[in-house]
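Taking the hints into account, I'd like the entire structure generated from these sequences.
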Amino acid sequence: MATAADLDITMDATSLYREEIYTDRRVGTIRALVPVDGKGATDAARPVVYVGEAQIMTQMGPLPVSFEIDAKSLGDAVAGYAEAAKVAVERTVRELQEMRRQAASSLVLPGQGGGGFGPSGLGGGGKIQMP
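Take the sequence shown: its position 6, counting from 1, is numbered 5 in numbering that gives the first Met the number 0, and each next residue is one higher.
Because the hints were derived from the structure by calculation, they are not lab data.
Don't be surprised by glycine CBs; every beta carbon is placed ideally from N, CA and C.
Incorrect hints may appear among the rest.
Distance windows between CB atoms, simulated [to be verified]: (1) R24 <-> Q96: 29 to 35 Å; (2) A103 <-> S14: 40 to 46 Å; (3) G37 <-> A4: 23 to 29 Å; (4) I55 <-> T2: 34 to 40 Å; (5) T9 <-> G74: 34 to 40 Å; (6) S105 <-> T57: 16 to 22 Å; (7) D23 <-> E89: 17 to 23 Å; (8) I8 <-> E94: 27 to 33 Å; (9) Y16 <-> G79: 16 to 22 Å; (10) I8 <-> Q96: 32 to 38 Å; (11) R93 <-> P61: 30 to 36 Å; (12) D36 <-> R100: 42 to 48 Å.
See below:
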């Protein structure tokens with residue numbers, strides 16, 4: 000197990016961002032990550048990164064979805080929010096379906112092996128099968 004001494008927890012002063020949050024209080028949120036230098040001044044040499052946030056409802060409750068929006072300004076980010084959100088939600092739904100498929104295919108059924116005790120999965124190879 001890693002200890003605090005084993006971890007590199009040093010922040011990179013050349014990769015700092017100030018976070019600004021914008022919302023229409025209806026559909027979603029856009030976070031503008033404004034690059035700054037070590038003193039907190041805006042670093043004009045690096046672009047602002049726009050990150051959209053939305054939620055999709057699942058059987059387990061709301062699932063947050065974050066996605067980058069390719070934009071040069073806040074206005075561009077607002078205009079591009081819907082398309083970027085659609086792509087991100089579709090990707091998330093596909094990933095959830097794949098996770099469900101993998102979970103369903105990992106079920107071990109009686110009589111099909113998969114255990115660790117001999118060829119039948121049970122020690123002794125008797126006729127009794129445990130559900």
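How the hints compare with the structure:
1. R24 <-> Q96: 29 to 35 Å: holds, 31 Å
2. A103 <-> S14: 40 to 46 Å: holds, 41 Å
3. G37 <-> A4: 23 to 29 Å: holds, 25 Å
4. I55 <-> T2: 34 to 40 Å: holds, 38 Å
5. T9 <-> G74: 34 to 40 Å: holds, 36 Å
6. S105 <-> T57: 16 to 22 Å: The hinted range 16 to 22 Å holds for S105 and T57, with Cβ atoms some 20 Å apart.
7. D23 <-> E89: 17 to 23 Å: holds, 22 Å
8. I8 <-> E94: 27 to 33 Å: Taking Cβ atoms as reference, I8 and E94 lie about 29 Å apart, which means the hint holds.
9. Y16 <-> G79: 16 to 22 Å: Once the Cβ atoms are compared, 19 Å apart, the range 16 to 22 Å for G79 and Y16 holds.
10. I8 <-> Q96: 32 to 38 Å: holds, 36 Å
11. R93 <-> P61: 30 to 36 Å: Taking Cβ atoms as reference, R93 and P61 lie about 19 Å apart, which means the hint is violated.
12. D36 <-> R100: 42 to 48 Å: holds, 47 Å
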